[in-house]
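Chemist: Chains as they are written, first to last, in the working numbering: chain A, 34 to 699; chain B, 34 to 699; chain C, 34 to 699.
Keep in mind the hints are simulated off the structure, nothing from the lab.
It is possible that part of the hints are untrue.
Since the list gives no way to pick one copy over another, a pair counts as held whenever it fits inside one copy or between any two copies.
Stated by the list, open to error - Straight-line C-alpha distance at most 30 Å; calculated DSBU-like pairs for lysine-lysine:
| id | residue 1 | residue 2 |
| --- | --- | --- |
| 1 | Lys532 | Lys58 |
| 2 | Lys670 | Lys165 |
| 3 | Lys577 | Lys209 |
| 4 | Lys328 | Lys532 |
| 5 | Lys444 | Lys311 |
| 6 | Lys311 | Lys439 |
| 7 | Lys119 | Lys209 |
| 8 | Lys263 | Lys36 |
| 9 | Lys58 | Lys165 |
| 10 | Lys58 | Lys209 |
| 11 | Lys199 | Lys119 |
| 12 | Lys158 | Lys209 |
| 13 | Lys209 | Lys242 |
| 14 | Lys242 | Lys295 |
| 15 | Lys242 | Lys36 |
| 16 | Lys209 | Lys670 |
| 17 | Lys401 | Lys295 |
| 18 | Lys409 | Lys158 |
| 19 | Lys311 | Lys194 |
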Amino acid sequence: MNKLRYGVAYYDEYMPYDRLQEDIKMMLAAGINTVRIAESTWSTHEPQNGVFDFTSVDRVLDAMHEAGIDVIVGTPTYAVPAWMIKQHPDILATTSRGAGRYGARQIMDITHPAYLFYAERMIRKLMERVHKHPAVIGYQTDNETKHYDTAGDNVQLQFVKYMRNKFGSLEVINQKFGLTYWSNRINSWEEFPSVVGTINGSLGAEFAKFQRTLVNEFLAWQVQIVNEYKLPGQFVTQNFDYDWRGHSFGVQTSVDHFEAAKPFDIAGVDIYHPSQSKLTGIEISFGGDISRSLKQSNYLVLETQAQAFPDWTPYPGQLRLLAFSHVASGANMVAYWHWHSIHNSFETYWKGLLSHDFQPNPVYNEAKTVGADFTKLSHKLVNLRKQNKVAILVSNTALSAIEWFKLPDGKLYNDVFRWIYDELYKLNVEVDFITPDFEQLSHYELVIVPALYSVEDEALERLNEFTEHGGHVVYTFKSGFTNEDVQVRTVVQPGIISKACGISYNMFIAPDEVAKIQSDVLLWSSEDAAITSWMELITPTTAKVLASYDHPEWNNYAAVTRNQYGAGTATYIGCMSSPAALRSILADTLQHIGLWQEEQKLTFPIITKKGFNDEGKLIRYYFNYSGEEQAFVYPHKAGTQLLTDQSVSEGQQITLSPWGFVIIEQ
Amino acid sequence: MNKLRYGVAYYDEYMPYDRLQEDIKMMLAAGINTVRIAESTWSTHEPQNGVFDFTSVDRVLDAMHEAGIDVIVGTPTYAVPAWMIKQHPDILATTSRGAGRYGARQIMDITHPAYLFYAERMIRKLMERVHKHPAVIGYQTDNETKHYDTAGDNVQLQFVKYMRNKFGSLEVINQKFGLTYWSNRINSWEEFPSVVGTINGSLGAEFAKFQRTLVNEFLAWQVQIVNEYKLPGQFVTQNFDYDWRGHSFGVQTSVDHFEAAKPFDIAGVDIYHPSQSKLTGIEISFGGDISRSLKQSNYLVLETQAQAFPDWTPYPGQLRLLAFSHVASGANMVAYWHWHSIHNSFETYWKGLLSHDFQPNPVYNEAKTVGADFTKLSHKLVNLRKQNKVAILVSNTALSAIEWFKLPDGKLYNDVFRWIYDELYKLNVEVDFITPDFEQLSHYELVIVPALYSVEDEALERLNEFTEHGGHVVYTFKSGFTNEDVQVRTVVQPGIISKACGISYNMFIAPDEVAKIQSDVLLWSSEDAAITSWMELITPTTAKVLASYDHPEWNNYAAVTRNQYGAGTATYIGCMSSPAALRSILADTLQHIGLWQEEQKLTFPIITKKGFNDEGKLIRYYFNYSGEEQAFVYPHKAGTQLLTDQSVSEGQQITLSPWGFVIIEQ
Amino acid sequence: MNKLRYGVAYYDEYMPYDRLQEDIKMMLAAGINTVRIAESTWSTHEPQNGVFDFTSVDRVLDAMHEAGIDVIVGTPTYAVPAWMIKQHPDILATTSRGAGRYGARQIMDITHPAYLFYAERMIRKLMERVHKHPAVIGYQTDNETKHYDTAGDNVQLQFVKYMRNKFGSLEVINQKFGLTYWSNRINSWEEFPSVVGTINGSLGAEFAKFQRTLVNEFLAWQVQIVNEYKLPGQFVTQNFDYDWRGHSFGVQTSVDHFEAAKPFDIAGVDIYHPSQSKLTGIEISFGGDISRSLKQSNYLVLETQAQAFPDWTPYPGQLRLLAFSHVASGANMVAYWHWHSIHNSFETYWKGLLSHDFQPNPVYNEAKTVGADFTKLSHKLVNLRKQNKVAILVSNTALSAIEWFKLPDGKLYNDVFRWIYDELYKLNVEVDFITPDFEQLSHYELVIVPALYSVEDEALERLNEFTEHGGHVVYTFKSGFTNEDVQVRTVVQPGIISKACGISYNMFIAPDEVAKIQSDVLLWSSEDAAITSWMELITPTTAKVLASYDHPEWNNYAAVTRNQYGAGTATYIGCMSSPAALRSILADTLQHIGLWQEEQKLTFPIITKKGFNDEGKLIRYYFNYSGEEQAFVYPHKAGTQLLTDQSVSEGQQITLSPWGFVIIEQ
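Just chain A, with the same shape it has in the complex (with noise of 0.2 Å):
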């Protein structure tokens, strides 16, 4: 990409009056240079079966290029027209919840060929439409697309055929699964009963596996439509989302992003989070982190807030700070869902840059700022490089089955992986993000490895073996405790990675009140030192004790160790610790493997970011997260501060306002 995006959703479609040429004006004014159209407006395109209306799509296309800005277009096929549902009932996905309705977006079976059908024919039309128009610079399948937990009896056919292609027998799976238990062995294939009801976790996980090749299927077949009629220049892209817990909180549980990403040119994704007092950034990072390593490469932010909900509109400088927290993390592109805002319907309170008034306001106004500093210094930021030494270690697969084999207290995987990553950011640590099969492992210091609770042996095998070779590992509680087919394993555990960890638990406890870690070595406050959901009761064969239990019955046990293993160390974490205690672990762990930088030593709410530029120059970020001024003592070598093109010397004070941030060039 040759320059920094920024760009908003734009539905000519939603309008309640042309007012194309005065958006046009004032996106111009905000130096918004980029817009998305047509995903989410297919009944508007086909308003009857067979008849085409792209009206909306070539005038915005038209008025667009006129005023120099691009286009993304985005194929309307995630949300189904009502004449559809008239004809063909059946397109509703069926899931566990029953029947489907008509009504929202995303509720069709992606596998039905009535759907396939309709979608392949929609989807040529508007690329034969639209792939020369100059505006038109690249392409978004679908949106947000997930497997919408389709379970129907189609689905359920698929899924028997994909086990037997997988397993071979059922004698196979019978064994794997522990179908056994419970009578409920299969034992002839047209008896395989329908997974919906299914008590078996190893049988529920694999449903939730095979549901997101279903993703990845559904993906790919539009990728490769599209790139018949894509030209040299342009690409495909897709709006990925995180798991949602009223914003994006974490590792997708219905689609593995990184298999599905194969068939992109480029990652896309959306970030939604909290905003105004609990504003922090985490999400920004951790979002960012993950779609960069999709691709290992830049990232489109093809959606984020503007002013969103009543408890999100940024406070006065959140909205700059968010922009480019995005560029800091490696986006090319920042795009709001959306331009204005919905005037009827769903979503009328998750508001655009513009109010429903569409008159500039305190957002849009800052926006401009944005916009105006993109321009300028589009040649600086645009295609940040990282090379970072540390990597988080995510799994769908160990995600699926912590669904079924939640935390006593109810916590899931993803709770598990952002108690480590918001410690690593509080802490100034950027990662990539890999998945188990990643064989590189050498290309990384330090692998950090949340609740791999179910994985393969030789995904294990090779941590073993890069610890050996004298990487640095952390695992946390949970880790390598059942295979890929969720059965746990036979073995002392924590199983494979005993050796590397020294150490062996058979028992593990749900924390109560008086549960608590103590350490010689570490340091956290008696308050800190209280820990939650899980505990394993540890004991060290060759490993050194970091933190032991302090309960008045299990002080005997380790809750944290150390093994040096080879040339590299593993350190397991056998508690859900506080943030403080875990951030001290951490902190440790960095300085115990030389990966203790100056980074490090400035804390949340300062956050600094870094990469190199197209001139192979290091661009240094420093962010306040916080609404009260932050004074720092710049560390590195000289260099300028890029939006007031003053000099910044080492060692020099640097004040940050509230929300702000400056960007240094080395």
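With chain A held as given, fit chains B and C onto it using these hints.
Modeler: Chains B and C only, in chain A's frame:
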């Protein structure tokens, strides 16, 4: 009505043994002069399809007549017999929760022709039987009629026709309802999807509006049949009830009471409320004010609680207080549901005046004193007429719209309504209720408009005109935001009323923990300064700021404003304040516009109500809604305490016993 | 039974690899002398319709026999194979929640002829195979059998016939059940509506009663089949379980244990309970007392927890304490569910004696000491006989009725039951359990009757007679309120027992925050004076007031009374007091009637149990249910501490280690 009626619901059919003469003896001893019968017992009166048996009706009518007790006969249509559902299972209403189940009352589709056929036959048979009986003074059609969420295919078809009649074309509907969003456009009538799955708030709110018309039509149809039999002097009423949150809480969601009341001769109502230490009288007051406003006349309390639930059983004195509170609001009848406590089924713990043992008990004994005083004072207290200067404008349309677009903390229309009403009540401001289409605004000096979120332009223009000509209006946040189709107005907010209010806003926030309001003009404690639920960031144009936000980020914006507009004023409350702060705002408004009277100098728990009786004399009630003795100085012209026949002079101190009251004829 | 049995459930079928000989070696080391097999593995034993494979049963029986371990064989009927449901989907129970789904166990309609056909064939095949095997000592039919809420059309038909058989005519039903209410009358048999939608508590409670008869019939049918094969010396048992609130909580809702137990030779039971710092022993005690009362004999604990959940894993010492607590209540067997921890499916975290690694662990090691002591002391401890003077009268009928008519704060029958039982337990009062139809009341000196809300006249009259003849009764609130049809008695409450209790009431209240009880006779702290859930406003006729209400409005009423009636006394507790106040009331009652013994001078956490062994010697257990050392003075005749063979003399101080205990033979 020529006398004050004291009544009970009486179900001879529910009695475990023949008690009729004994019950009548006890009724007479308690001064009961009216009973309500028959509305729940269809399966007794028509035990099999076409087989009728009115024995119990006949014997009760005869016995009551002999005892001099009048009877209101209810049509038994709100609870359908088992035989009917076995023969026509689709009479059960299909709702968004699926098919119905037989068992409860109020489960039928009130538009189903088979149901209507049976209901009409039953009504006619009953009316033929009873209308000439000298005991019968009137009729109640059905009971607490609502639409029961009926939404099956047949109802959907009616809705589609309603939409075509109302809007003419799908293009108009697509545009007004914003159906383009998420591909929801309907491009041919036959593909109009079932509304139960819709995510479109405009469509959802319109369906709710349509469902309310079904209630209007059903009740008008019943009244028309009954009117064919009604003799001169007899009346037809309906037992309206209110939004239910474990007790009567606010404006009814499922019925437009103002519209539904039109065919009736007199409004009837049931009012249930917390009791014991939680008794405030608010529900009696607002329920009475609404009921009185329906026909702008006196009304019947067809049901209220005697002993009722274990947490409602009245403290000594409360039953008396309650009965006279109803009368003070304009009720001409106070009737208990129900005479005795039921020995089986569902409402065993919703106790009547008698316990299950049919013996005199403390509550029955207290009722005897009520009955005696009703008899003694009937000519003084019946037909109380009010001349209120303040009206509250309520709207089912706004209510439904807010069901779709709740406040961020989940609050609904009735929460805002009660927030307003409760403080007016505590300030002893008596009010009438009006709806947006009410044209004689000049009957009032002050109109209070809570959360009029969805409303036609005309209604707002009428309010502007009212203000301009010297009327005063208090608006709360959210008023005027969307039009009658729940389409957000595209102009600067608060839209049409902006000019009268002299303000604008385009941002709104979910208040966080530190959000407060401050004022140089109004007073409240720092604790009472906290705001919740909603805050609009208001910029005054011509308005004076009464209160502004006290918040690290939003303190440049106004929270409460007042604007002189023509000869009147418009006060705008942009956030949900504490009750105390609201009371301060309302008190300031009353003072500002000259409505601060002697009544307002009394404060809750002393509540005063007034009105003129048939003799044209002013009757004043003073209630003590507390368990502690209260005293006040009587500030009006001399009069007579009606309960004791003692005279009272201006300036005399009057003591109210715990849960006690006085009635003064001036 | 000629010895104390120490057992485990053993599923060779669930093993990830062949472990049989290794497992048996470890069992023998732990003193395991009995295993329970086969009850969950139908799909293994009949992999296809009519194809049988008992290989795993054969090999386990042979190996166990060789090792000298006895085997209880379970019929595998509580978990149906996939092939059966694919062929006959309607075997899945239809419930009020709709059609069933395959997956879990206990999901079938136990009245379905196809299911019964397959079940009978399986039982006979299995019995033919095993009944002559020398390892087999007995059989368990099915497992934790309940009715699984089966309520489909076929069950409804059976219910209608049950109703006709029981009541004769619809007129009787309409009258007794109050079906006139809300037009629920049933006027012809063919229109009898499905009960799943009913709002009639009498009908709903009767349906629950009917559903319990289905369990009785199903179990009796299984026993009858098994009995055809059973050899002399073999027994048939059932694994009863209790109301489940995350652990065994109270009287089972879905089964009338007393009735269901009749065809069995010996009662079996599973008992699960909180552990670690929440361990009290109460569930072991009440579960044991009920189980022992079923056949008025010793019982088998067929399942209890070894490691189980992460919050149940026993502290060191607790496993021993638990095992002997069961024996002290009269258990002749203590068996763990289960031997090993399961590696897949649903109960992976319900751990067995072994962890997933099959290695010795602290809990297994503790089991070895239990096994050794069981072996050593078997002849002293087996067949413990109790001679209790106190009985608790429990009732499924009352339980079901209260499900329909919950206490205002949602409390149910078992909350009242546990409120009573827990304080008796803490007072070291050992009890038997009886039901309302129990006729030999004079076997006891004191009968305690919690919330006997629905009951036949005869049972109450029997209690009156018992009282009159010198028995003592303690009733709680709600007792006697309705008859067996859940029809409230029409007489003054508490109805039939009024004369024995010497009280009356007709009002009852949901206590508010200030509701308390006070007493001149009994002592409790002001904090313990608070009452919750329910308060009846009692007027004594002949009773003495033990406590009255302390409330601004209700302090004229009695709360707890005692009445001399003939030669006995009836104590009535009209409200739900604090546990401490209840303990005071119960203690006073025990003292008053001469049942205050040495045992009652000890208080929780010291718990004592006693009984006579096969030699006629008195065995006393003293348990310490706490993590702190406890001491007491032994007040009885000299004896021997069985675990240590030390002698103990009267007046000697005995120290109990944390979670420790002593057993003394007197």
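Chemist: Indicate, hint by hint, whether the structure satisfies it.
Modeler: For each hint, the structure was consulted:
| no. | hint | in the structure |
| --- | --- | --- |
| 1 | Lys532 / Lys58 | between (65 Å within a copy, 28 Å between copies) |
| 2 | Lys670 / Lys165 | neither (48 Å within a copy, 89 Å between copies) |
| 3 | Lys577 / Lys209 | neither (35 Å within a copy, 70 Å between copies) |
| 4 | Lys328 / Lys532 | neither (33 Å within a copy, 55 Å between copies) |
| 5 | Lys444 / Lys311 | both (21 Å within a copy, 22 Å between copies) |
| 6 | Lys311 / Lys439 | both (27 Å within a copy, 22 Å between copies) |
| 7 | Lys119 / Lys209 | between (43 Å within a copy, 23 Å between copies) |
| 8 | Lys263 / Lys36 | within (20 Å within a copy, 82 Å between copies) |
| 9 | Lys58 / Lys165 | within (25 Å within a copy, 78 Å between copies) |
| 10 | Lys58 / Lys209 | between (63 Å within a copy, 26 Å between copies) |
| 11 | Lys199 / Lys119 | between (37 Å within a copy, 23 Å between copies) |
| 12 | Lys158 / Lys209 | between (47 Å within a copy, 28 Å between copies) |
| 13 | Lys209 / Lys242 | within (16 Å within a copy, 43 Å between copies) |
| 14 | Lys242 / Lys295 | within (17 Å within a copy, 50 Å between copies) |
| 15 | Lys242 / Lys36 | neither (38 Å within a copy, 52 Å between copies) |
| 16 | Lys209 / Lys670 | neither (58 Å within a copy, 61 Å between copies) |
| 17 | Lys401 / Lys295 | neither (35 Å within a copy, 56 Å between copies) |
| 18 | Lys409 / Lys158 | neither (38 Å within a copy, 85 Å between copies) |
| 19 | Lys311 / Lys194 | neither (47 Å within a copy, 49 Å between copies) |
The structure fails hints 2, 3, 4, 15, 16, 17, 18, 19 (numbered hints given earlier, in ascending order).
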